[in-house]
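Asker: Heads up: the protein sequence lines correspond to chains B and X, in order.
So in my numbering, spot 126 of the first sequence is number 128, and the numbers just go up one at a time.
So in my numbering, spot 53 of the second sequence is number 61, and the numbers just go up one at a time.
Simulated from the structure, these hints should not be mistaken for laboratory data.
If you're wondering where the values come from, they're calculated on a predicted model, not measured in any experiment.
Yeah, the Cβ is synthetic: ideal placement off N, Cα and C, and Gly gets one too.
Just so you know, not all the hints are guaranteed correct.
[Claimed, not checked] In silico BS3-like cross-links for lysine-lysine, where the CA-CA straight-line distance does not exceed 27 Å:
1. X:Lys598 - B:Lys12
2. B:Lys124 - X:Lys214
3. B:Lys124 - X:Lys121
4. B:Lys19 - B:Lys50
[Stated by the list, open to error] To give a feel for the contact side, a few chain B residues facing chain X, derived at Cβ under 8 Å:
5. Leu9
6. Leu15
7. Asp16
8. Cys41
9. Met51
10. Phe54
11. Gly63
12. Cys66
[What the hints assert, rightly or not] Simulated DEER-style distance windows between Cβ atoms:
13. B:Ser127 - X:Asn568: 22 to 28 Å
14. X:Gln564 - B:Gln8: 29 to 35 Å
15. X:Gly448 - B:Thr31: 53 to 59 Å
16. X:Thr410 - B:Lys144: 43 to 49 Å
17. B:His52 - X:Arg331: 41 to 47 Å
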Amino acid sequence: MNEIQQLYQKIILDHHKNPKNYGTLESPTHELEKDNPICGDRIHLDLKMHGFQVEEIRFTGMGCALCIASASMMTELTVQQNLEEIEELLRYFKEIMDPEGMHNDAKATYNDNLQAFEGIRKYPSRIQCATLPWEALLQVRKLIENRGEATI
Amino acid sequence: MKGSNKLLLPLANKTVIEHVVDTIALSKVGEIIVVSGHQADLVQKVLQNRSAKIIKNTNFHTGMTSSIQTGVHAVSSNSRGILLFLSDLVFIESSELNDLVDVFDSSLWQDRKVIISPSFQGQSGHPVIFSAYYRSHLLQHQEPEGCWGIIQQNMDHLRQVPMDTDHVLQDIDTETDYQKAVQQFNTRQKKCLLQAKADFPILQRKINGKPLIYLDNAATTQKPKQVLESLISFYEQHNSNVHRGIYKLSEEATSLYEGARHKVAKFIGAPSSQSVVFTRGTTESINLTAFSWLKPRLKKGDRILVTEMEHHSNLVPWQMVARETGAQLHYLPITKQGTLDLESLDALLAPNTSILAVSAVSNVLGTVNPIRRLVELAHRHNIPVLVDGAQAVARQKVDVETLGCDFFAFSAHKMYGPTGIGVLYCKPQYQQEMQPFMGGGGMIEEVLEQESSWAEYPWKLEAGTPPVDEAVGLSAAIDYLQEMGLELIWAHEQDLTDYALQKLTQIPGLQVHGPLGTAERAGVISFQIGTIHPHDVAQVLDDDGIAVRAGHHCAQILMNRLGVHATVRVSFSLYNDYSDIDLLAESLTKALQLFE
Ligand SMILES: Cc1ncc(COP(=O)(O)O)c(C=O)c1O
Numbered sequence: 003m004n005e006i007q008q009l010y011q012k013i014i015l016d017h018h019k020n021p022k023n024y025g026t027l028e029s030p031t032h033e034l035e036k037d038n039p040i041c042g043d044r045i046h047l048d049l050k051m052h053g054f055q056v057e058e059i060r061f062t063g064m065g066c067a068l069c070i071a072s073a074s075m076m077t078e079l080t081v082q083q084n085l086e087e088i089e090e091l092l093r094y095f096k097e098i099m100d101p102e103g104m105h106n107d108a109k110a111t112y113n114d115n116l117q118a119f120e121g122i123r124k125y126p127s128r129i130q131c132a133t134l135p136w137e138a139l140l141q142v143r144k145l146i147e148n149r150g151e152a153t154i
Numbered sequence: 009m010k011g012s013n014k015l016l017l018p019l020a021n022k023t024v025i026e027h028v029v030d031t032i033a034l035s036k037v038g039e040i041i042v043v044s045g046h047q048a049d050l051v052q053k054v055l056q057n058r059s060a061k062i063i064k065n066t067n068f069h070t071g072m073t074s075s076i077q078t079g080v081h082a083v084s085s086n087s088r089g090i091l092l093f094l095s096d097l098v099f100i101e102s103s104e105l106n107d108l109v110d111v112f113d114s115s116l117w118q119d120r121k122v123i124i125s126p127s128f129q130g131q132s133g134h135p136v137i138f139s140a141y142y143r144s145h146l147l148q149h150q151e152p153e154g155c156w157g158i159i160q161q162n163m164d165h166l167r168q169v170p171m172d173t174d175h176v177l178q179d180i181d182t183e184t185d186y187q188k189a190v191q192q193f194n195t196r197q198k199k200c201l202l203q204a205k206a207d208f209p210i211l212q213r214k215i216n217g218k219p220l221i222y223l224d225n226a227a228t229t230q231k232p233k234q235v236l237e238s239l240i241s242f243y244e245q246h247n248s249n250v251h252r253g254i255y256k257l258s259e260e261a262t263s264l265y266e267g268a269r270h271k272v273a274k275f276i277g278a279p280s281s282q283s284v285v286f287t288r289g290t291t292e293s294i295n296l297t298a299f300s301w302l303k304p305r306l307k308k309g310d311r312i313l314v315t316e317m318e319h320h321s322n323l324v325p326w327q328m329v330a331r332e333t334g335a336q337l338h339y340l341p342i343t344k345q346g347t348l349d350l351e352s353l354d355a356l357l358a359p360n361t362s363i364l365a366v367s368a369v370s371n372v373l374g375t376v377n378p379i380r381r382l383v384e385l386a387h388r389h390n391i392p393v394l395v396d397g398a399q400a401v402a403r404q405k406v407d408v409e410t411l412g413c414d415f416f417a418f419s420a421h422k423m424y425g426p427t428g429i430g431v432l433y434c435k436p437q438y439q440q441e442m443q444p445f446m447g448g449g450g451m452i453e454e455v456l457e458q459e460s461s462w463a464e465y466p467w468k469l470e471a472g473t474p475p476v477d478e479a480v481g482l483s484a485a486i487d488y489l490q491e492m493g494l495e496l497i498w499a500h501e502q503d504l505t506d507y508a509l510q511k512l513t514q515i516p517g518l519q520v521h522g523p524l525g526t527a528e529r530a531g532v533i534s535f536q537i538g539t540i541h542p543h544d545v546a547q548v549l550d551d552d553g554i555a556v557r558a559g560h561h562c563a564q565i566l567m568n569r570l571g572v573h574a575t576v577r578v579s580f581s582l583y584n585d586y587s588d589i590d591l592l593a594e595s596l597t598k599a600l601q602l603f604e
């Protein structure tokens with residue numbers, strides 16, 4: 003596999019072509035959006051939260067293959083997870099993509115599709131394409147805390 | 009040939025006398041003395057930036073000998089020899105001169121009376137080198153048409169040097185000679201252009217093991233070794249601050265810096281060097297106009313007219329002064345074809361429009377805007393025009409007086425020069441109205457405790473140590489562009505663009521933005537392929553060593569107008585060729601297979 007095939011692994015291309023949970027929710031508890039000002043990419047999320055836990059999630063948006071695949075995988079990995087767990091997952095995800103990251107240990111704990119993103123380590127400027135959907139999602143913590151919903 | 013001055017006839021990119029002086033300057037020959045009779049002032053003007061000494065011979069009508077004697081008089085007394093170069097020997101190359109000088113030098117220590125003459129297939133030609141011994145002979149001999157007599161009387165000392173080409177026999181005596189020369193020089197120049205890749209060291213680089221194919225020239229062009237060498241030579245030979253020191257180096261640096269201003273003025277057809285302000289780039293030139301010139305005269309409700317295809321640097325500065333003054337931006341729309349919608353223009357040229365700011369060539373669509381026409385229409389309503397020439401200067405011959413524009417801005421780094429320097433041309437009538445927006449050294453006349461007075465325009469706008477090496481590099485870049493010939497460059501880019509449009513539109517799902525029909529278009533092409541994101545396309549191309557741009561290209565208003573977030577953009581320059589485009593098309597097909 004050359005570098006470009008490593009970057010665009012089959013599983014990433016599959017998620018890009020047929021993204022999971024693409025669309026909107028009837029009555030979301032939260033709607034979130036985030037842009038990447040550098041390339042104009044934009045991810046929109048509809049969430050149904052229970053306290054700090056994600057019950058349902060859908061996304062729409064405009065982005066490159068890495069961004070869309072990451073969003074698609076994220077929707078699969080975050081259902082029924084609470085924000086702390088999701089934050090932990092993002093840390094792990096970033097480690098996979100970090101050019102200097104020690105992702106081998108992390109590999110042992112999780113066994114999921116995110117590892118397909120390790121090809122990004124050769125292209126650090128693309129990391130933000132992959133993290134955009136996650137950062138969009140994690141904005142929800144502030145909304146919840148500001149509204150005092152955390153007591154639910 | 010009667011009636012025209014041979015010295016001033018054009019051959020490709022230069023006049024006859026410029027070719028001749030440049031050839032000699034590149035050889036081992038020391039000082040150059042040009043003796044001119046007829047139209048001496050014009051000759052002087054043409055040679056202004058060259059290190060030749062120009063001497064007027066008022067007796068030129070008495071024959072060639074009077075010119076030779078005028079020149080020999082001026083040769084410094086310690087020179088080893090005197091090389092007589094007829095001004096129409098345009099074919100001789102510097103290396104051939106060097107061969108003659110080498111033979112002369114190696115003969116001189118055996119025979120101090122040596123005379124060197126080149127020959128081709130037994131026929132003797134020019135130029136002839138006399139040892140310094142003949143100085144007095146040359147000054148005294150009587151034949152009106154040359155110094156053949158001196159040679160004949162000293163045949164024992166004559167050394168014929170057989171040459172490989174007939175350059176030493178060819179001069180320009182008839183119209184046919186001249187036409188032949190024109191053809192040969194055009195061919196020679198075209199060949200230079202086709203071999204231009206070799207001038208750019210960075211193009212030797214490998215990316216992912218493949219040769220770099222650089223197609224992001226609208227962002228910045230690569231630099232030829234001539235420009236790189238000019239920078240090294242500046243720092244190795246002349247580095248010092250300008251306009252300050254009373255010592256040799258500072259005088260040299262000052263003259264290089266001001267020489268660059270002069271060269272820029274000539275390059276864009278400005279009426280004088282003083283109409284050229286050096287800035288950091290197009291962006292600063294536009295900001296300077298917005299803040300130093302426009303802002304003080306803007307009133308609430310005034311309009312600033314821009315177009316939908318402007319680069320952010322020709323929008324944001326205007327928005328800033330508009331916000332401060334209560335003025336408003338208005339947009340000249342573009343048509344579906346990506347050209348300016350001139351039909352809407354008249355209505356937009358409202359009486360309270362303070363300026364029209366428009367780019368000469370779009371950095372996204374490649375559209376070449378009809379600047380002359382726009383200026384004419386705007387001027388009818390007394391509206392001044394700023395032209396953003398960032399994408400134009402390296403592609404088309406620009407003449408600000410013909411365009412008629414009031415301000416013209418560009419950057420050196422998009423025309424094969426260094427980053428960090430740009431130019432603002434301002435029409436003389438507005439120069440006194442420009443107030444400095446930066447204070448500091450170099451821009452003052454006198455500094456008192458509470459206030460100061462400004463230096464003359466343009467220096468009053470150049471506070472602080474200016475970009476000296478950048479100016480030297482810009483000057484070398486202009487030389488390079490002129491050496492290659494802007495007309496040829498334009499033609500070459502048109503060929504590449506036609507070819508690329510043909511190739512690209514054959515790729516399934518590829519949609520080109522901007523003019524496709526007969527409208528003028530420069531070598532900038534933006535496109536989408538199906539629904540593949542431009543970043544993904546650029547990434548796959550990069551894997552093949554092909555550098556293109558993906559994104560909004562600092563033109564978000566235009567992106568909105570086109571209904572896209574981003575595009576892939578390829579942009580050509582003089583060193584690109586057909587094979588670059590073939591590789592581009594191949595790699596795009598690969599991207600298509602990967603993502604679709
Ligand atoms: C049309 C146009 N205007 C202005 C600019 C800005 O030039 P610079 O960044 O050199 O100031 C550019 C370059 O990107 C351009 O293409």
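Asker: Are the hints correct? Go through all of them and say.
Answerer: Here is what the structure says about each hint:
1. X:Lys598 - B:Lys12: holds, 15 Å
2. B:Lys124 - X:Lys214: holds, 17 Å
3. B:Lys124 - X:Lys121: Measuring from Cα to Cα gives roughly 71 Å; hence the hint is violated.
4. B:Lys19 - B:Lys50: holds, 25 Å
5. Leu9: With a minimum Cβ separation of about 7 Å from chain X (threshold 8 Å), the hint on Leu9 (chain B) holds.
6. Leu15: holds, 7 Å
7. Asp16: Hint violated; Asp16 (chain B) Cβ to chain X Cβ min 11 Å, cut 8 Å.
8. Cys41: holds, 6 Å
9. Met51: violated, 29 Å
10. Phe54: violated, 33 Å
11. Gly63: Not OK, violated: Gly63 (chain B) not within 8 Å of chain X, min 10 Å.
12. Cys66: holds, 4 Å
13. B:Ser127 - X:Asn568: 22 to 28 Å: holds, 25 Å
14. X:Gln564 - B:Gln8: 29 to 35 Å: holds, 33 Å
15. X:Gly448 - B:Thr31: 53 to 59 Å: Holds: the Cβ-Cβ distance is about 58 Å, inside 53 to 59 Å.
16. X:Thr410 - B:Lys144: 43 to 49 Å: Between Thr410 (chain X) and Lys144 (chain B), where Cβ atoms are some 59 Å apart, the hint is violated.
17. B:His52 - X:Arg331: 41 to 47 Å: holds, 45 Å
When each numbered hint is compared with the structure, violations occur for hints 3, 7, 9, 10, 11 and 16.
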